[in-house]
Amino acid sequence: MRDVTRLRKQAKSAYEVSRVRVAIRAGVFVIPLTVLCARETGAVAECAAIGGALLVLAVILRWWRREGADAVSAGLRIGVIPMAAALGVCRFAPHWPAHAAAVVCATAGLLAGLVVGYAMMEPAHRRAGHWLAVGLVACGTAALGCVGLGLATAAGGIIGATAGTAAMSGVRMKA
Amino acid sequence: MDPQLRSQIHEAMVRLAEGDRAAFSFVFDELWPRVLRFVERALPGRPEAEDLAQQALLKLFARISEFDTSRDGVAWAFGIVAYEIRTLRRQEQRRREIPPDAAFDRLADRAQSPETRAIQEDLARALAAAIGQLSPADRALLLGNETGPVGLPNASALRKRRQRAMERLRTAWRRLHA
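So the protein sequences, as listed, match chains A and B.
Residues 1 to 175 in this note's numbering are what the first sequence lists, from first letter to last.
Residues 1 to 178 in this note's numbering are what the second sequence lists, from first letter to last.
Mixed in with the good hints, there may be bad ones.
Below, in silico cross-link-like pairs of lysine to aspartate or glutamate (EDC-like), each with a Cα-Cα straight-line distance of 16 angstroms or less [as the list claims (entries may be wrong)]: (1) LYS9/A with GLU84/B; (2) LYS12/A with GLU84/B; (3) LYS12/A with GLU40/B; (4) LYS59/B with GLU46/A; (5) LYS59/B with GLU84/B; (6) LYS9/A with GLU18/B; (7) LYS12/A with ASP29/B.
Think of the hints as simulated: they come from the structure by calculation, not from any bench.
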């Protein structure tokens, strides 16, 4: 009879490997977003760096807890709105001054954090850690698009997404 | 299995699926001996039974992260084990492998393969066990007594009684073999 200790280790390993395999599927969303932003903004190095960091964060959150997958999903949905706003500015209004683009990104991030955060969060997600994870992913996604318009714009998107998510987390946690 | 223990195993599987690594030991310690017994009952006297049980257990843990926590965890786990057993039997049927001791006994009978006969005998035993759980009235209805124990005059009433008896048989089957 095979050693049960060895079988236990193999079972644990199979469990962790499968969690990593499931977690890596975050790349299905993050990599195309990174490629899109690099193409649209021309800031290839910046987008690659932010996209890489966002992918690592998403994989870790999804691997650690199933709740992490919910946080990544919510964060991507929130962050994609200011990202799309920034890409729109890049495409249709490339000559806008930097502060105007930053306002667009910040406003889009704030609204996204409020609206999408409210629509998506289940009452079960009341821990501060969950909202922190959502906020980090949202900021990373927002920065992905906004960085092409400059660091100030990226900062605007991050601030907006953070404020919107934080405000919504306060409402939800009190509810 | 004791319903309370079954519920505890299910709760632990849900926590493990959600990423609580502390639940791993409990799930492993409770499932492994049961999986092994289940496979050994399905493949009595076969040397590959333990290998198959280990393989099924590893697949179970590889898939538990994607387990739908709204379903019964224990039934889900044994569904995976039963699938592995069926896969082995299908592979053997395709390769026409015959256990050495059965080969000489069954050479004269070419109507069915030994694999098919073994499966049918297993099913017959399992069905007999489930029928044994029913009341005498239900057994009489299902085993061909046309009118039932009290000579029901109405054909639709008889049909309804048989339907209910079949439901009870299904419940007994699930209780014994799920």
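- Structure-inconsistent hints, enumerated in ascending order: 1, 2, 3, 4, 6
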